[in-house]
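Asks: With chain A fixed as given, assemble chain B onto it according to the hints.
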Amino acid sequence: MKDTTNKPVLLTMRNIEIEGRSDETWSPIIKGVDLTLNKGEVLGLIGESGAGKSTLGLAAMGFTRDGCRISGGTIDFDGIDLMKASEATRRGLRGKRIAYVAQSAAASFNPAHKLIDQYSEAPVQHGVMGRAEAESDAVELYRRMQLPNPDEIGFRYPHQVSGGQLQRAMTAMAMACRPDLIIFDEPTTALDVTTQIEVLAAIRDIVAQFDTAAIYITHDLAVVAQMADKIKVLLRGDEVEEADTRTMLASPKQDYTKTLWAVRSHARATQPPVEKGTVPVVSVKAVTAGYGPIDILKNINFDIHKRRTVAVVGESGSGKSTAARVITGLLPPRQGQVLFDGKPLPPDYRQRSRDQLRQAQMIYQMADTALNPKLRLRELIGRPAQMYLGLQGKALTDRIRDLLNLIELDPDKFIDRLPSELSGGQKQRVGIARALAAEPKFIICDEVTSALDQLVAEGILKLLDRLQTEFDLAYMFITHDLATVRAIADEVVVMQNGRVVEQGPKDEMFQPPHDPYTELLLSSVPEMDPDWLTKLLKERAEKAS
Amino acid sequence: MTILIKLLWIAVAIAVALAAGWLFRTAAIAVSRGGLRKALRTAPLTAAFGMLVILLYILVAIFAPVIAPFAEREVVGGQFLPWEAPYILGTDNLGRDMFTRLIYGARNTVGIAFMTTALAFAIGSILGLLAATVGGWMDQFLSRVVDILMAIPSLIFSLLLLTIFGTSVVTLILVIATIDSTRVFRLARSVAQDIVVMDYIEAAKLRGEGLWRLITREILPNAMAPLVAEFGLRFCFVFLMISALSFLGVGVQPPTADWGSMVRENAALITFGDVTPLLPAGAIALLTVAVNFVVDWMLHRASGLKE
Numbered sequence: 001m002k003d004t005t006n007k008p009v010l011l012t013m014r015n016i017e018i019e020g021r022s023d024e025t026w027s028p029i030i031k032g033v034d035l036t037l038n039k040g041e042v043l044g045l046i047g048e049s050g051a052g053k054s055t056l057g058l059a060a061m062g063f064t065r066d067g068c069r070i071s072g073g074t075i076d077f078d079g080i081d082l083m084k085a086s087e088a089t090r091r092g093l094r095g096k097r098i099a100y101v102a103q104s105a106a107a108s109f110n111p112a113h114k115l116i117d118q119y120s121e122a123p124v125q126h127g128v129m130g131r132a133e134a135e136s137d138a139v140e141l142y143r144r145m146q147l148p149n150p151d152e153i154g155f156r157y158p159h160q161v162s163g164g165q166l167q168r169a170m171t172a173m174a175m176a177c178r179p180d181l182i183i184f185d186e187p188t189t190a191l192d193v194t195t196q197i198e199v200l201a202a203i204r205d206i207v208a209q210f211d212t213a214a215i216y217i218t219h220d221l222a223v224v225a226q227m228a229d230k231i232k233v234l235l236r237g238d239e240v241e242e243a244d245t246r247t248m249l250a251s252p253k254q255d256y257t258k259t260l261w262a263v264r265s266h267a268r269a270t271q272p273p274v275e276k277g278t279v280p281v282v283s284v285k286a287v288t289a290g291y292g293p294i295d296i297l298k299n300i301n302f303d304i305h306k307r308r309t310v311a312v313v314g315e316s317g318s319g320k321s322t323a324a325r326v327i328t329g330l331l332p333p334r335q336g337q338v339l340f341d342g343k344p345l346p347p348d349y350r351q352r353s354r355d356q357l358r359q360a361q362m363i364y365q366m367a368d369t370a371l372n373p374k375l376r377l378r379e380l381i382g383r384p385a386q387m388y389l390g391l392q393g394k395a396l397t398d399r400i401r402d403l404l405n406l407i408e409l410d411p412d413k414f415i416d417r418l419p420s421e422l423s424g425g426q427k428q429r430v431g432i433a434r435a436l437a438a439e440p441k442f443i444i445c446d447e448v449t450s451a452l453d454q455l456v457a458e459g460i461l462k463l464l465d466r467l468q469t470e471f472d473l474a475y476m477f478i479t480h481d482l483a484t485v486r487a488i489a490d491e492v493v494v495m496q497n498g499r500v501v502e503q504g505p506k507d508e509m510f511q512p513p514h515d516p517y518t519e520l521l522l523s524s525v526p527e528m529d530p531d532w533l534t535k536l537l538k539e540r541a542e543k544a545s
Numbered sequence: 001m002t003i004l005i006k007l008l009w010i011a012v013a014i015a016v017a018l019a020a021g022w023l024f025r026t027a028a029i030a031v032s033r034g035g036l037r038k039a040l041r042t043a044p045l046t047a048a049f050g051m052l053v054i055l056l057y058i059l060v061a062i063f064a065p066v067i068a069p070f071a072e073r074e075v076v077g078g079q080f081l082p083w084e085a086p087y088i089l090g091t092d093n094l095g096r097d098m099f100t101r102l103i104y105g106a107r108n109t110v111g112i113a114f115m116t117t118a119l120a121f122a123i124g125s126i127l128g129l130l131a132a133t134v135g136g137w138m139d140q141f142l143s144r145v146v147d148i149l150m151a152i153p154s155l156i157f158s159l160l161l162l163t164i165f166g167t168s169v170v171t172l173i174l175v176i177a178t179i180d181s182t183r184v185f186r187l188a189r190s191v192a193q194d195i196v197v198m199d200y201i202e203a204a205k206l207r208g209e210g211l212w213r214l215i216t217r218e219i220l221p222n223a224m225a226p227l228v229a230e231f232g233l234r235f236c237f238v239f240l241m242i243s244a245l246s247f248l249g250v251g252v253q254p255p256t257a258d259w260g261s262m263v264r265e266n267a268a269l270i271t272f273g274d275v276t277p278l279l280p281a282g283a284i285a286l287l288t289v290a291v292n293f294v295v296d297w298m299l300h301r302a303s304g305l306k307e
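Residue numbers (my numbering), protein chains in the order written: chain A, 1 to 545; chain B, 1 to 307.
No lab work stands behind these hints: they were computed from the structure. All C-beta atoms in this analysis are idealised placements derived from N, C-alpha and C, irrespective of residue type, glycine included. Just to be clear, a hint being listed does not mean it is correct.
For each label pair, taking beta carbons as the anchor points, the in silico distance ranges come out as [as the list claims (entries may be wrong)]:
hint	chain 1	residue 1	chain 2	residue 2	range
1	B	Val134	A	Arg354	16 to 24 Å
2	A	Phe510	B	Val134	43 to 51 Å
3	A	Glu152	B	Val134	43 to 51 Å
Output of the computed footprint for chain A on chain B, the stretches with three or more beta carbons under 8 Å from beta carbons of chain A [claimed, not checked]:
hint	stretch
4	191-202
5	207-220
Derived pair list, reagent style BS3-like, types lysine-lysine, alpha-carbon separation capped at 25 Å [as the list claims (entries may be wrong)]:
hint	chain 1	residue 1	chain 2	residue 2
6	A	Lys413	A	Lys462
7	A	Lys253	A	Lys31
8	B	Lys38	A	Lys413
9	B	Lys38	A	Lys374
10	A	Lys441	B	Lys205
11	B	Lys205	A	Lys343
12	A	Lys374	B	Lys205
13	A	Lys441	A	Lys427
14	A	Lys462	A	Lys441
15	A	Lys427	B	Lys205
Excised from the complex, chain A in its bound form (with noise of 0.2 Å):
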């Protein structure tokens, strides 16, 4: 960490007001935050979703989101009142003084152009470069930013590079004029841990190098650790607190920013041992399945057994997935099968019975596409009990709202709402409802907490925990997050391109020695010490060397 506080101010925000506009009223999203930055330094922004942390960003900017305007308060950039000027003069600054990174570099860049040629647009348009001048440090940043190919990179179309590269040429692109302050929304909440590393490293020197001022926006405390100078915690748009970096991981003052800092250290107790010679629930065997010609996941095997979770880990592309959707039946194998309670299943879903069907259901990551927009509460966790258990009129009634009892949501008040009238969380809990309502043995979970925050991502795995003692279910955890993995699993399976590289009881699998991928992936997972990062680059440095 650089020491800032005796550098110019740069950017200071007063009593910032910004409202949002929904059904013809409009409702406060900040309400009233202060904000300074030093030339040079990096200010981390965390909260949950929802929280304003993007929308306090974007201000900075002197910009704001469709239906979203800034009500009060003054924004101060380098001694231009941007409240005050002009739009011409706002979009004068923005690419030039002031840069953004988006969270999805894949749906930030336009796909139909070349890297490099993007890369210039804003340069040449602010009369800073010529085109072949644009060009030549575009491939001097893109070496700096450790892309593979500097000289070369830049001349590939934005679906020809990997995300986590496509995230480093947004950051370069966002250099490109030497800006003083940059944005940088969530830019690696979409990458896989492993990834995450580098691009959190070229972000960090990146910064440094220039000496620009940043403002990282991030739901993830270990990350906003190694970048920030000094962190602000946000709440449904009000300031919590704000220290510097090492202050505020030390000794956090208010009782929120403690509970954010705690959640990690929720663990599942160690069960004891299955007893040999029991049927697991599921049990892959020796399973080859693919598209097309490509195999995918090349002779899996895995059991999982009743009253178990077993997690199945990896980044993305290593075949979790696929996994998932073979036991399903969505995807017959090619080679191998699937027992549930030691008899083969069709392979296919559609030869299999509706009472096998009943018995493995599935939970989606995404519970807005998981959950039909268009039905009620009432018929989405209803029609499993209705079409399997037979159930009518007022039984099943009974049913929908002891399921909703159990998923903690109150049955008078959300019995007959819409998906789109819920929160994140309160839809992933209705996914599970779901598939409790079928009364099932054995449940996947496809990364069901990683589109949650980490609060709320918290209390589904409890309520996942508790369902699963009370009704003896057994689970498959799709997840990347390592941290989710030892908040539950029993037993974790690590994959990569589609082979299982260990698996074993968790306690084992966090102890050493492991598989080199799996120390990998485990030394990747960023810890809340601010020196991690540096740590673990030089090790891994000398190890290289």
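Replies: Showing chain B alone in chain A's frame:
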């Protein structure tokens, strides 16, 4: 000077139309409740005017015998009489009352157009959803049949079919509905293709839901908004198509009153600078514009765009 006066009249007409729309909206908000009331509040004046016009057409169509001063096919006086009482809009080429024929024309033309559009949607959307949901050979087969039908220009194709099968109202409805259902099929299929890849459809399939329930409960409610908007547009096209066919002589047959054939029958008057033959055309134009105002508003709501 005359141009200025004409412009003034146009301005007055627009002002009156908007005022009528405003009055209608206020009245509609007062009598409605719940979700409808909330929706009406956000309706722009153009949409309110459109709804008012559509409502008037429907009322006229239903109560035609009550409003019309004469019978539909009654010869009441000389040919091409001027606009004088009791013939408010004069008489046509056979001496029938023009005003009466206009009112009955609403019943026939609008009624036939509505039935045709409804039939086109029933056929097109069911097959379109089926093609998207089942996929594979079913999709291939239906889509290729539709491609073949769409490859033939629709006006010429309908002229051909009507010449083969004769020109009764039933064949007219069937022929135009079949031709138009191909367009609905394409829309329904492409909308449903986006929906069938959603997780909730996968969840329903894994639950073991049958095809019928999958289409009616899971896919159709989510495809409704674009289909309803398309219904409005398609209605206008069908309407114009029937009028065009009537004008060409293969649509609604005389002596039934129909706006398209009314223009043709009285076309001779245009040479004398008389606007009477253009009145049915104006009635068609007004309804088309009104329907489009309402459809625009619905599309706007369905796409969730803010103003």
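Asks: Hint by hint, which ones does this structure get wrong, listed from lowest number up?
Replies: none
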